[in-house]
Amino acid sequence: MNADRTDSSTREAPRTPLREHVATSIQRYLGDLNGNDTDNLYEVALRELEIPLFVEVLNFCDGNQSRASAMLGIHRATLRKKLREYGLA
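Using the numbering used here, read the sequence shown as starting at 2 and increasing by one per residue.
It is possible that part of the hints are untrue.
Label pairs and their in silico Cβ distance ranges [claimed, not checked]:
no. : residue 1 : residue 2 : range
1   : LEU19     : ASP40     : 25 to 33 Å
2   : ARG85     : ASP63     : 19 to 27 Å
3   : SER67     : ASN37     : 26 to 34 Å
4   : ARG81     : ASN37     : 31 to 39 Å
5   : ALA90     : ALA14     : 32 to 40 Å
6   : ARG29     : VAL56     : 16 to 24 Å
7   : GLY36     : GLY64     : 36 to 44 Å
8   : THR39     : PRO18     : 24 to 32 Å
9   : THR25     : GLU57     : 17 to 25 Å
10  : GLN28     : ARG85     : 17 to 25 Å
11  : GLU49     : ARG16     : 20 to 28 Å
12  : PHE61     : ARG20     : 16 to 24 Å
Derived SDA-like pairs: lysine to any residue, alpha-carbon spacing no greater than 20 Å straight-line [as the list claims (entries may be wrong)]:
no. : residue 1 : residue 2
13  : LYS83     : LEU59
14  : LYS82     : ALA71
15  : LYS83     : PHE55
16  : LYS83     : SER67
17  : LYS83     : ILE52
18  : LYS83     : LEU73
19  : LYS82     : ILE27
20  : LYS82     : ARG29
21  : LYS83     : ASP38
22  : LYS83     : MET72
23  : LYS83     : ASN37
24  : LYS83     : VAL58
25  : LYS82     : LEU54
26  : LYS83     : GLN66
27  : LYS83     : ASN65
28  : LYS82     : PRO53
29  : LYS83     : THR39
30  : LYS82     : GLU57
31  : LYS82     : ASN35
32  : LYS83     : PHE61
33  : LYS83     : GLY64
34  : LYS82     : ASN60
35  : LYS82     : SER67
36  : LYS82     : ASP40
Honestly, the hints are just simulated from the structure, not real lab data.
From a predicted model like this one, the values you see are computed outputs, not experimental measurements.
Beta carbons: idealized from backbone N, C-alpha and C, even for Gly.
Using the sequences and the accompanying hints, generate a full structural model.
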């Protein structure tokens, strides 16, 4: 048997890229507008992404803001500022 060969039964299914999940959510949101316009979609979308992103990364890092900020690729002071802005601190 060839040790380099990967058994297809042990392969993981490819993961759906995050952008596809985001696109689906945006499409659903736009559909829910029922033809009405919004003038701050960027702001709304950014807030709606950042809040669960910060919460979940902090949970993953057991509340350690230094680890979370490193994982996010932002400065710890920026993370702390955003947490205060969103009422998460």
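For each hint, the structure was consulted:
{"no.": "1", "hint": "LEU19 x ASP40: 25 to 33 Å", "in the structure": "26 Å, holds"}
{"no.": "2", "hint": "ARG85 x ASP63: 19 to 27 Å", "in the structure": "20 Å, holds"}
{"no.": "3", "hint": "SER67 x ASN37: 26 to 34 Å", "in the structure": "42 Å, violated"}
{"no.": "4", "hint": "ARG81 x ASN37: 31 to 39 Å", "in the structure": "36 Å, holds"}
{"no.": "5", "hint": "ALA90 x ALA14: 32 to 40 Å", "in the structure": "38 Å, holds"}
{"no.": "6", "hint": "ARG29 x VAL56: 16 to 24 Å", "in the structure": "21 Å, holds"}
{"no.": "7", "hint": "GLY36 x GLY64: 36 to 44 Å", "in the structure": "43 Å, holds"}
{"no.": "8", "hint": "THR39 x PRO18: 24 to 32 Å", "in the structure": "25 Å, holds"}
{"no.": "9", "hint": "THR25 x GLU57: 17 to 25 Å", "in the structure": "18 Å, holds"}
{"no.": "10", "hint": "GLN28 x ARG85: 17 to 25 Å", "in the structure": "32 Å, violated"}
{"no.": "11", "hint": "GLU49 x ARG16: 20 to 28 Å", "in the structure": "22 Å, holds"}
{"no.": "12", "hint": "PHE61 x ARG20: 16 to 24 Å", "in the structure": "20 Å, holds"}
{"no.": "13", "hint": "LYS83 x LEU59", "in the structure": "13 Å, holds"}
{"no.": "14", "hint": "LYS82 x ALA71", "in the structure": "15 Å, holds"}
{"no.": "15", "hint": "LYS83 x PHE55", "in the structure": "9 Å, holds"}
{"no.": "16", "hint": "LYS83 x SER67", "in the structure": "14 Å, holds"}
{"no.": "17", "hint": "LYS83 x ILE52", "in the structure": "9 Å, holds"}
{"no.": "18", "hint": "LYS83 x LEU73", "in the structure": "12 Å, holds"}
{"no.": "19", "hint": "LYS82 x ILE27", "in the structure": "26 Å, violated"}
{"no.": "20", "hint": "LYS82 x ARG29", "in the structure": "30 Å, violated"}
{"no.": "21", "hint": "LYS83 x ASP38", "in the structure": "27 Å, violated"}
{"no.": "22", "hint": "LYS83 x MET72", "in the structure": "15 Å, holds"}
{"no.": "23", "hint": "LYS83 x ASN37", "in the structure": "29 Å, violated"}
{"no.": "24", "hint": "LYS83 x VAL58", "in the structure": "13 Å, holds"}
{"no.": "25", "hint": "LYS82 x LEU54", "in the structure": "15 Å, holds"}
{"no.": "26", "hint": "LYS83 x GLN66", "in the structure": "12 Å, holds"}
{"no.": "27", "hint": "LYS83 x ASN65", "in the structure": "15 Å, holds"}
{"no.": "28", "hint": "LYS82 x PRO53", "in the structure": "16 Å, holds"}
{"no.": "29", "hint": "LYS83 x THR39", "in the structure": "24 Å, violated"}
{"no.": "30", "hint": "LYS82 x GLU57", "in the structure": "17 Å, holds"}
{"no.": "31", "hint": "LYS82 x ASN35", "in the structure": "35 Å, violated"}
{"no.": "32", "hint": "LYS83 x PHE61", "in the structure": "18 Å, holds"}
{"no.": "33", "hint": "LYS83 x GLY64", "in the structure": "15 Å, holds"}
{"no.": "34", "hint": "LYS82 x ASN60", "in the structure": "18 Å, holds"}
{"no.": "35", "hint": "LYS82 x SER67", "in the structure": "13 Å, holds"}
{"no.": "36", "hint": "LYS82 x ASP40", "in the structure": "25 Å, violated"}
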